[in-house]
Each structure stands twice: as structure tokens, then as C-alpha cells.
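Enquirer: Chains A and B, in that order, give the protein sequences. Residue 65 is where the first sequence starts when you use this note's numbering, and the numbers rise one by one after that. Residue 42 is where the second sequence starts when you use this note's numbering, and the numbers rise one by one after that.
Think of the hints as simulated: they come from the structure by calculation, not from any bench. None of the values given here were measured: they were computed from a predicted structure. By construction, the Cβ of each residue, glycine as well, lies at the ideal position given by its N, Cα and C atoms. Accuracy of the hints is not assured; some may be wrong.
Covered stretches of chain A (chain B as the covering partner; in silico rule of three or more C-beta atoms under 8 Å from a C-beta of chain B) [to be verified]:
hint	segment
1	125–138
2	143–157
Looking from chain B toward chain A, a few residues come up when the C-beta cut is under 8 Å (computed) [claimed, not checked]:
hint	residue
3	A92
4	K93
5	R104
Computed cross-link-like contacts, DSSO-like style, restricted to lysine-lysine with a CA-CA straight-line distance of at most 27 Å [to be verified]:
hint	chain 1	residue 1	chain 2	residue 2
6	A	K129	B	K108
7	B	K130	B	K116
8	B	K130	A	K103
9	B	K130	A	K93
10	A	K103	A	K93
11	A	K72	A	K118
12	A	K103	A	K82
13	A	K93	B	K131
14	A	K118	A	K129
15	B	K108	B	K130
16	A	K72	A	K82
17	B	K131	B	K116
18	A	K179	A	K129
19	A	K82	A	K129
20	A	K129	A	K103
21	A	K106	B	K108
22	A	K82	A	K118
23	A	K129	A	K72
24	B	K108	A	K82
25	A	K106	A	K72
26	A	K118	A	K103
27	B	K131	B	K108
28	B	K108	A	K103
29	B	K108	A	K118
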Amino acid sequence: MLSPEVLKTALTFQGHHKQHRDDLIAAIKRLGGSPVSPKALKDYATELGAAALKDQAGVLRLALKLERGATNAYLGLIPSLAQSDLYLLAARTAADEAFHAAVLGNALNEAIPQKAPMFG
Amino acid sequence: MRSVAHAVRVLLTTFLIGAAPAAQSAPSPHPAPQTAPLPDSPSRGAEIYEAKCGACHSLDFNRVGPKHRGVFGRKAASVPGFHYSSALKKLNVTWNAVTLDRWLQNPTAMAPGTAMGFRLSDQSERADVIAYLRQQSAQHK
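All chains, please: the whole structure from these sequences, using the hints.
Expert: Here's what the structure looks like:
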């Protein structure tokens, strides 16, 4: 469904997300917590409606929705954090997700939002 | 050379506009009239829900957070199949416009130890999301 170029970008973004996952796991452990285990891939696919995706544009739209959501989630978390290294982790991760969203929005020819701030 | 100089001027202007508020601190003698707040909008709420809640929640699936279909009138920590924190299990509230507004404003204050750290800080955005969730709950019954 994905062109080779889009697949290459998707795999790069996946690499970024894996780093985010590892950073979050490390932070949770530093705080004395236990990270949750991932669900099965099929469970994520069901929750995200993957079966309804018909073409590359549909995949990109879903990815864009998730990246925007992730950006806002990390930013919205910051006021509840108590340590400066965690503010930085959340902000840096949000910045990565915003970058992803910008790339995906551009690929979908979405108009640049006129109003700022665009997230948070 | 001329086009490079023009590009530099455009870039500097773009960034300096962002820095300009410090130079505009004197209050106007004729402040802009206060506009009435917009009524709560479920359709705006749906967009905000997707953009700001959708990373962790959906209406119909338990994800990082519990599903929200039918949340109005539901007791906290009562969605079957979702693994709630002890903090939420101890929170003895029923979700309505008041409790949801308090929750979304600062979950960790309302239920210390909750897994939800995300805050929806804008009051009008909270009102719109709550209007959307109320609408979805009414349709669910």
C-alpha cells in the first residue's frame, strides 16, 4: 500500500518512536515505576480501525491524526510533571511528533494552520 | 544578492514579530470590548477531543485511557476491562459536567496518583469537549 519512499519515511519515524518508547521506559524506571507491557499488534490495529484503510492517503491521514494527538499529549502532560528532566523529555518528544505531523501534513497537501500556537 | 537580502529581511521580520510583544507593553486607553464567550459546541468539542484526547482515548475502545462512550452519568473507574489506577478506583465521583471540568483541569489534584497527567488547561476547550461527551452519552442511551 505504501510507496517505497513513504515506507522509508515511515520506518524512520518508527525508529524515532522506538527511541521515545525507550526514553519513557527509562524515565519510568528512574521514578521507581514499572512500564506497562505492549499490547498485541492486532489489538492496536483493531482500536485504530486499520482494516478500513484502503490506500496510502488513508494511512497517512491516520498517521497524521496520531502524530498531532501525540504532540498534544506530551505537551498537555508537562504541567503535571515535577522534575525538569521530565519537562525536557516531554517537550523534546512533543517536538519530534510535531515534526512528524508537519511532514505528513505536507505530504497530504494540507494547508498550513493560520493561527498559532498550533499545539498544546 | 538582492533576493538573498530580501529573504533575510523576511525571516528577520517573521521572528521579530514574535518578539514584538515586549515593546508593546503600554496599555491602550481604549481597550477592545469584551466579547461574550461562544456557547459550548459539541462539534468543536469533537475536533478538540480528536486532537487532544485522541492519543490516549477513543469513544469505543479502551486504549491508554478508558473508552468514553456513555461517560456522562458513569461512576469513575467503572469501564469493564480497563485497568484503573488505585487513585481512580478510590475516586468516588460520578462523571458530569462539573466533575469532568475539574478532572480535565487537573487530574493529579483531583486523584493524586492517577496515571493521567494530561491537563486540558483552556476552559472553553474543556467546555466544548464536555459538550461533545455529553452529546455522545445522550446518543448512547
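Enquirer: Against each hint, give a clear statement of whether it holds in the structure.
Expert: Each hint tested on the structure:
| no. | hint | verdict |
| --- | --- | --- |
| 1 | 125–138 | holds (count 7) |
| 2 | 143–157 | holds (count 3) |
| 3 | A92 | holds, 6 Å |
| 4 | K93 | holds, 5 Å |
| 5 | R104 | holds, 6 Å |
| 6 | A:K129 - B:K108 | holds, 18 Å |
| 7 | B:K130 - B:K116 | holds, 10 Å |
| 8 | B:K130 - A:K103 | holds, 23 Å |
| 9 | B:K130 - A:K93 | holds, 24 Å |
| 10 | A:K103 - A:K93 | holds, 19 Å |
| 11 | A:K72 - A:K118 | holds, 19 Å |
| 12 | A:K103 - A:K82 | holds, 15 Å |
| 13 | A:K93 - B:K131 | holds, 25 Å |
| 14 | A:K118 - A:K129 | holds, 16 Å |
| 15 | B:K108 - B:K130 | holds, 16 Å |
| 16 | A:K72 - A:K82 | holds, 15 Å |
| 17 | B:K131 - B:K116 | holds, 11 Å |
| 18 | A:K179 - A:K129 | holds, 18 Å |
| 19 | A:K82 - A:K129 | holds, 19 Å |
| 20 | A:K129 - A:K103 | holds, 20 Å |
| 21 | A:K106 - B:K108 | holds, 18 Å |
| 22 | A:K82 - A:K118 | holds, 26 Å |
| 23 | A:K129 - A:K72 | holds, 19 Å |
| 24 | B:K108 - A:K82 | holds, 25 Å |
| 25 | A:K106 - A:K72 | holds, 22 Å |
| 26 | A:K118 - A:K103 | holds, 24 Å |
| 27 | B:K131 - B:K108 | holds, 19 Å |
| 28 | B:K108 - A:K103 | holds, 16 Å |
| 29 | B:K108 - A:K118 | holds, 25 Å |
Going through the hint list in order, the structure satisfies each hint without exception.
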